[in-house]
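Asks: Listed below, chain by chain, are the residues.
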Amino acid sequence: MSNTKVGAVADERPEPPTAGLTIVPRSGRFRWVPVVIVLFLAAMLTESVLLNPRFEWPLVASYFFSPAILHGLATTVWLTVLCMTLGIALGIVIAVSRMSDIPIVSGFARLYIWFFRGTPILVQLIFWYNLAALFPELGFGIPFTGITFFQANTNHIVTPVTAAILGLALNEGAYMAEIVRAGISSVDDGQNEAARALGMTRLKAMRRIILPQAMRVIIPPTGNETIGMLKMTSLVSVIALSDLLYTAQSIYSRTFETIPLLLVCCCWYLLLTSVLSVIQGRIEAHYGRGIVRAGG
Amino acid sequence: MSAFMVEALDVRKSISNLDILRGVDFTVARGEVVSLIGPSGSGKSTFLRCINHLTKITGGYLSVDGELVGYRREGDKLYELGERETAAKRAEIGMVFQRFNLFAHKTAIENIIEAPVQVKGEKRKAATEHARGLLDKVGLAHKADAYPSELSGGQQQRIAIARALAMRPKLMLFDEPTSALDPELVGEVLEVMRGLVADGMTMIVVTHEMNFARDVCDRVAFMDEGRIVECTTPAELFDSPKTERARNFLSHVL
Numbered sequence: 001m002s003n004t005k006v007g008a009v010a011d012e013r014p015e016p017p018t019a020g021l022t023i024v025p026r027s028g029r030f031r032w033v034p035v036v037i038v039l040f041l042a043a044m045l046t047e048s049v050l051l052n053p054r055f056e057w058p059l060v061a062s063y064f065f066s067p068a069i070l071h072g073l074a075t076t077v078w079l080t081v082l083c084m085t086l087g088i089a090l091g092i093v094i095a096v097s098r099m100s101d102i103p104i105v106s107g108f109a110r111l112y113i114w115f116f117r118g119t120p121i122l123v124q125l126i127f128w129y130n131l132a133a134l135f136p137e138l139g140f141g142i143p144f145t146g147i148t149f150f151q152a153n154t155n156h157i158v159t160p161v162t163a164a165i166l167g168l169a170l171n172e173g174a175y176m177a178e179i180v181r182a183g184i185s186s187v188d189d190g191q192n193e194a195a196r197a198l199g200m201t202r203l204k205a206m207r208r209i210i211l212p213q214a215m216r217v218i219i220p221p222t223g224n225e226t227i228g229m230l231k232m233t234s235l236v237s238v239i240a241l242s243d244l245l246y247t248a249q250s251i252y253s254r255t256f257e258t259i260p261l262l263l264v265c266c267c268w269y270l271l272l273t274s275v276l277s278v279i280q281g282r283i284e285a286h287y288g289r290g291i292v293r294a295g296g
Numbered sequence: 297m298s299a300f301m302v303e304a305l306d307v308r309k310s311i312s313n314l315d316i317l318r319g320v321d322f323t324v325a326r327g328e329v330v331s332l333i334g335p336s337g338s339g340k341s342t343f344l345r346c347i348n349h350l351t352k353i354t355g356g357y358l359s360v361d362g363e364l365v366g367y368r369r370e371g372d373k374l375y376e377l378g379e380r381e382t383a384a385k386r387a388e389i390g391m392v393f394q395r396f397n398l399f400a401h402k403t404a405i406e407n408i409i410e411a412p413v414q415v416k417g418e419k420r421k422a423a424t425e426h427a428r429g430l431l432d433k434v435g436l437a438h439k440a441d442a443y444p445s446e447l448s449g450g451q452q453q454r455i456a457i458a459r460a461l462a463m464r465p466k467l468m469l470f471d472e473p474t475s476a477l478d479p480e481l482v483g484e485v486l487e488v489m490r491g492l493v494a495d496g497m498t499m500i501v502v503t504h505e506m507n508f509a510r511d512v513c514d515r516v517a518f519m520d521e522g523r524i525v526e527c528t529t530p531a532e533l534f535d536s537p538k539t540e541r542a543r544n545f546l547s548h549v550l
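So the sequences go chain by chain: A and B.
In terms of my numbering, the numbers along the first sequence are unbroken and rise by one, the last being 296.
In terms of my numbering, the numbers along the second sequence are unbroken and rise by one, the last being 550.
These aren't lab readings, by the way, just hints derived from the structure by calculation.
Treat each hint with caution, since some may be false.
[To be verified] List time: in silico DMTMM-like cross-link candidates among lysine to aspartate or glutamate, alpha-carbon distance up to 25 Å:
| no. | chain 1 | residue 1 | chain 2 | residue 2 |
| --- | --- | --- | --- | --- |
| 1 | A | K204 | B | D514 |
| 2 | A | K204 | B | D372 |
| 3 | B | K385 | A | E178 |
| 4 | B | K385 | A | E257 |
| 5 | B | K385 | A | D101 |
| 6 | B | K352 | A | E193 |
| 7 | B | K352 | A | D101 |
| 8 | A | K204 | B | E484 |
| 9 | A | K204 | B | D535 |
| 10 | A | K204 | B | E381 |
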């Protein structure tokens, strides 16, 4: 009975539209306004920066590949790579300690993060550089017993290079620890349970199952940190380590070509951060396996 | 060698002041299929997880294949075993979870060969061959290279069963294997489990699928408030339960 009724209603409907209708997008009548504004700003920038002779772009170009600058650049790059690598390794250790169920271990990790995140990196660097003022001799032994295994003059061990590495890596470790912890917590506990049920030890489950999945969450902020580290290395100029910025500074203190040399620095930093962004994109795609496809 | 695959005597588990298991006595013979049923919160899943030491017991005695899981006995003391030893014991016990828990960053076949290669040290090639056979067995040979996110719940659970079987376990534990599935996908998973029963696998199945418990299992254990209240053949439990609690529970689920 209801069948015939439905049929009757359908019969009275207007002719259904045929396929192949053209869709006309909404015509934005004022779309040209932002375009004009942007072009205007670009023209302003070209006139005032690129065509401004006071920027001395030819001078910038002549310094760009000068041996001293390239040497400073090399220092900046290896310092970034080394400190970031140490920072990530340290971060993983601190993050795992922070999640330990032994209170004194997690407490120590908290204290570490609290201290190194809570004090300015510039102060930490200067502090490491002046370590000799606190401990003229560095040694390793058993506390309160007077037994020492080795001992050396602090100024021989803590050079500007070691002070820079210590300062930057220890500081980075604290930030990376929080990033790694967030990544590990983002992985469903069932993954760990399944791994353990299959006979994996805690360490193997962490290495084979948890960390690879945590990477998806860890990579983007780590990319940020790496770019931050690249620029943060410029702070080592305060402890007289000849990185990119320090090299530029020592040149313009002689020649007074302050602006062009700072521009050289900026261009190199921009170039390197661009390269890092590309690498980050590649790594993200790699660790997105099994997730990206979920969109469908 | 013990006659029992699983032997539990007065197994207890409490977390802070909450008693979850209040003395579970339970045995499973080799090749036997037993299901655990009971209201939620009765301790079924907890007891299952105690069997492979994912949850630590706080009292009693629990052995698998005549050996303590997670402990070493000296006189009348039980010493907790180290990580590696416990892990090695767990490797012999397969487990299937309610939420599948497939490794999300690995394809179906990678999920299956992961533990044989990483835990047992099998050669990748041999493990892959074995895995293909298992995929075929669960009817998913064509999904070998799919990621879990590309599979339906039923398919994921069948892969999870294949993953557990890849370790050639002597005992399989199922923790509500069909509870997270859409109704139309339950059948395919139960089908695979029936196949295992036919192969003679020793199985303990926590389930709400009363038909499965009735048709397939040798015995059904009814759990309530941290104890096994009745444990008998499906016919006897379902048709003439002896206790009021079992009668009450069954009247709600059947």
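Asks: Confirm or reject each hint.
Replies: Verification of the hints:
no. : hint              : in the structure
1   : K204(A) / D514(B) : violated, 37 Å
2   : K204(A) / D372(B) : violated, 33 Å
3   : K385(B) / E178(A) : violated, 34 Å
4   : K385(B) / E257(A) : violated, 72 Å
5   : K385(B) / D101(A) : holds, 23 Å
6   : K352(B) / E193(A) : holds, 14 Å
7   : K352(B) / D101(A) : holds, 15 Å
8   : K204(A) / E484(B) : violated, 32 Å
9   : K204(A) / D535(B) : violated, 48 Å
10  : K204(A) / E381(B) : holds, 14 Å
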